[in-house]
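Chemist: Each chain, written out:
4 protein chains.
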Amino acid sequence: MVRFAVLGCGRIGRMHAANLARHPDASLVSVFDIAQAAAAEVAGQLGVRQAASVEEILGDAGVDAVLIATSTDTHVELIIAAARAGKAVLCEKPIDLDMARVIRCWNEIGSLDPTVMIGFNRRFDPSFAALRRRVQEGEIGRVEQVVITSRDPAPPPLAYIKVSGGMFRDMTIHDFDLARHLVGEIVEVSAHGASLIDPGIGEAGDIDAAMVTMRAASGALVHINNSRRCSYGYDQRLEVFGETGMLVAGNRRETSVEAWSAKGTQAADPVLHFFIQRYADAYAAEIAHFVACVQDRTRPSPSFNDGMQALRLADAANESLRTGRSIRITG
Amino acid sequence: MVRFAVLGCGRIGRMHAANLARHPDASLVSVFDIAQAAAAEVAGQLGVRQAASVEEILGDAGVDAVLIATSTDTHVELIIAAARAGKAVLCEKPIDLDMARVIRCWNEIGSLDPTVMIGFNRRFDPSFAALRRRVQEGEIGRVEQVVITSRDPAPPPLAYIKVSGGMFRDMTIHDFDLARHLVGEIVEVSAHGASLIDPGIGEAGDIDAAMVTMRAASGALVHINNSRRCSYGYDQRLEVFGETGMLVAGNRRETSVEAWSAKGTQAADPVLHFFIQRYADAYAAEIAHFVACVQDRTRPSPSFNDGMQALRLADAANESLRTGRSIRITG
Amino acid sequence: MVRFAVLGCGRIGRMHAANLARHPDASLVSVFDIAQAAAAEVAGQLGVRQAASVEEILGDAGVDAVLIATSTDTHVELIIAAARAGKAVLCEKPIDLDMARVIRCWNEIGSLDPTVMIGFNRRFDPSFAALRRRVQEGEIGRVEQVVITSRDPAPPPLAYIKVSGGMFRDMTIHDFDLARHLVGEIVEVSAHGASLIDPGIGEAGDIDAAMVTMRAASGALVHINNSRRCSYGYDQRLEVFGETGMLVAGNRRETSVEAWSAKGTQAADPVLHFFIQRYADAYAAEIAHFVACVQDRTRPSPSFNDGMQALRLADAANESLRTGRSIRITG
Amino acid sequence: MVRFAVLGCGRIGRMHAANLARHPDASLVSVFDIAQAAAAEVAGQLGVRQAASVEEILGDAGVDAVLIATSTDTHVELIIAAARAGKAVLCEKPIDLDMARVIRCWNEIGSLDPTVMIGFNRRFDPSFAALRRRVQEGEIGRVEQVVITSRDPAPPPLAYIKVSGGMFRDMTIHDFDLARHLVGEIVEVSAHGASLIDPGIGEAGDIDAAMVTMRAASGALVHINNSRRCSYGYDQRLEVFGETGMLVAGNRRETSVEAWSAKGTQAADPVLHFFIQRYADAYAAEIAHFVACVQDRTRPSPSFNDGMQALRLADAANESLRTGRSIRITG
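Chains as they are written, first to last, in this note's numbering: chain B, 1 to 331; chain A, 1 to 331; chain V, 1 to 331; chain W, 1 to 331.
Hints are computed from structural coordinates only; laboratory data are not their basis. Each hint should be verified, as a subset may be incorrect.
Copies of the same chain look alike in the list, so a pair counts if it works inside one copy or between any two.
Derived lysine to aspartate or glutamate pairs resembling DMTMM-like cross-links, with alpha carbons at most 25 Å apart [to be verified]:
id, residue 1, residue 2
1, Lys263, Asp25
2, Lys93, Glu77
3, Lys93, Asp315
4, Lys162, Glu254
5, Lys263, Glu77
6, Lys263, Glu203
7, Lys263, Glu243
8, Lys162, Asp296
9, Lys93, Asp296
10, Lys263, Asp113
Since the model is a prediction, treat every value here as computed from it, not as a measurement.
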């Protein structure tokens, strides 16, 4: 049994807390949020303790692992403190928006050989995971081209956009990780972006549509297609093209119902609305993987380094956007 | 080169005439229709002779084969006359609405060993034909169940319904033939029908929706699903279920375009509108098969007997409808 | 909070027990099975009491409802005893294999106005339920034809077949209920069956493939297609054809992955393997409906009468199979 | 009636000749090829004159239009000569591999106001054309992102690769035109390529896999995905994403047959093998458009300028590949 505390009781923290409560080998001990009412609500619903402070949790010998779902700017300090307290850490993406801080974080804790996992949920999506397994089993031979489509149903509030670190570090970072997960290290990044949806996003210095092209050390080419708005739901697709075949993982829908009429045929439902619905299974599998690693004392994946490399690609994409150049990634 | 005359210049006759004109090993010599204007129009368009009578055509040594596309009640006499004149015959379905006349027809010509083919176009549909080939190659093992869906876009005029011989002899006859083509001889027929679409059809003593169940000598069960009206086009599907798999042949559409929006996803075109569009390739392949048989002096298929057996199943379906009993077909 | 006891700790009983344990408004109090080891295991896993007898459970004022998942031959006596003890009852299908016993059961308890629900899970499948909702909202106009496909992945052991009551009462009964759920009362049943899969099934006097045609009081025609074996998984499909359109609910798969290669394109996973996987959501929704009805003191559906009517259709199908006649259902 | 001569009797020339022979408003008068045997064969099959020289054709007052399907290096001189001779010209893509020569070509003939159409067949594909029509009718609002997938079944011989002008001018040029056709003028091009399939292609200085990103003056982003080899056939897809929806045009297959088995479900045919099959309808529609324009004295499209602009994008893609920079296109 792995005993957890959850830091951060917003939408994601709550979902993780509920998944922990359901997992047979995990138990949720306590929760914390600087918004005390949010923490109290979760604690009440799940029948667990509301901690008065992070320090209380980190000092609790009855807590084996912390799940960090607080705002991004607090991740680094919480990871450092938790690692020093000997807790295993599952931290939501991104580690931080500032690479210098990410590097410092690891410098502070690396020698402790901590158990740290970064919450890139898509690796755990059953369809994406099955696709990757088949690729690794050689079903399509050498991977030559990857197309990742990721479009959110609607842009977040402008207030969030302004502190998000920009589209690449906030949203595309999932796709950067998925690309590395599929084809290994990336050596070149080229990015294009535009503000097509909300002029306010452009005025805030950000983009809301993007196309990124990358080259892997393996030679494979990767295309990422992003939009902050998508009329038909949360568009999450993956296409991997290899020498002897192609594997694609499409969207998922609430039901299998299709309509046929004079207006059209085989019309299916809109796709699942957003990440909480689409990646419900993935979030549960992510928790299961982390729990198993803590129990078996094996390294969870995605690792801290995976979190760092995804940020490196986001930074390179921003540099490409600024300079109009293809950016080489150097070890 | 097989030299043809076309008898009957209605919609189907014209289509056949155009296909003959295009076929490299066929030539269209002459056409006839009791409606002289129709024959004149086709003759003019295709640059062929308009015959003054059937006799002129049957007496023409420059005609090898006749394609009969006249009204059903004339088929038997034309087949007899053409066979006696030594012409190969491709006759539109059905041979006749009256089994006694069909039997008499064969009694008159059987000893001549005539080349007679009945125009069941669906056998030549590229999808249905490919499906059957794969079944015969053993891809799904023994065939256990067949589901044939055949729904017309809209009912014909009531005037036609009244002389059509009823839904089973007019429309389902295609499905009876397709069933025999797939699973061999049928030994039992059970039919249900209803007038759901147009009360006038019911008042005329006919049905406009039907479900037929049949048992083959092989043991396979067959379901036929018919409707005289279908909002999304001409619904033509085939499902063959066997011990090691299932093969299905779906509808075809004008384009491959699919629409995704807030209202639905993967919405495709309506299916091809009616038989002229859906079975365009099939009609051309039917002509090609007949031409090849005449050239090679081999037996074309579907044969006169196939036309007779399909009518036998239609008659059995009518008897089942009347009696509420499952009808045994005896050799 | 509705407090439950589960009678029967086989595969289905365990699944229901786990669903009850998860439901926020239900609590599982105790379990019973004549196989004490099975009951002990479930009681241990879920931390609930193992009752020594059915009587102990029915006498327990702390139990509001019983879920009956014992063998079919015990259902009637358990329903009667539970109803007399004032417990709400959720009983697995079928009520019994013998209509006389089913009628007697209701005669014994009807005057108690008991809360009894029969576990026809398919009504609660999200896709079938969404399809039905759209039909009822008028999306396709009047329903004219229904095609229900239900094929099990593999036949049950012969020992089970022999006590199953035959395919119609054991397997097709789900489809009979689904048909009534979609089109209302059925007035005519015609059935065909065959033993195509396992000769032992035929020798046991049963069939392993069936096609049933029914007519509803509304005029709609219904086709049911059953097989005891299906190479590609648990084939569960529904097609409802109406005057202005068609709604279909297809199979569900583990992932959305599709493979493209020289051998074929868009090849998807086999369909979900069997009812525990395919109807996982349906079983949870079924429990939720029953819990809500007990809490709100409303009538759950499917009712005892629904269970009785489905059996009536199964009996009519058997009679049709025996007589080769279409059987009228009289009120 | 538009009277044609076909220059070049290779695979494409023959196909065009056959399409001209079938078109009701076109007549094929003569053909020419420097390989006299090829020309003789086509002339014989179609019953037309084999011209002894290009000059003979251009001097023939009975020829209204020439279809140029010779090798690329001869296009410019033939266009100039034909325009000077007052013939309408339908020239296969590309106009030439060298932009200077293309510009010179127009300088020589522009003042003659010639009728010149460039054979970008994809504009005439029924699915792509229907998709574009719906985009222009506003079905998906403003176009934001376009993804063009174009993968050939197998690379051409190395000997061809060496004179092809490189992948962008030889193969991607179709996609450049399609992009312009959909979103209008392009202002920025960024290209990545790799030699992943045949090392010989890399040694010849060319690439066999490419990803191109472009920005349109409208703001839309465009991704092109190319491969010189595709195991499952000729992969030709189009995805257009807009503010209120997405339209996609998928691949086409020989039949609608799908296979279901223990290995997988809904497995369809490989896609149509290559351009002659996939774009058969498109080539016929292209001819029909040109014939109609010549008859009506309207400007055919794609125009000479369209051919020039597509080449400009190919050149920009090559420059991007060489420099690692995003290339601005200036009027």
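Chemist: What hint numbers does the structure not satisfy?
Modeler: 1, 4, 5, 6, 8 and 10
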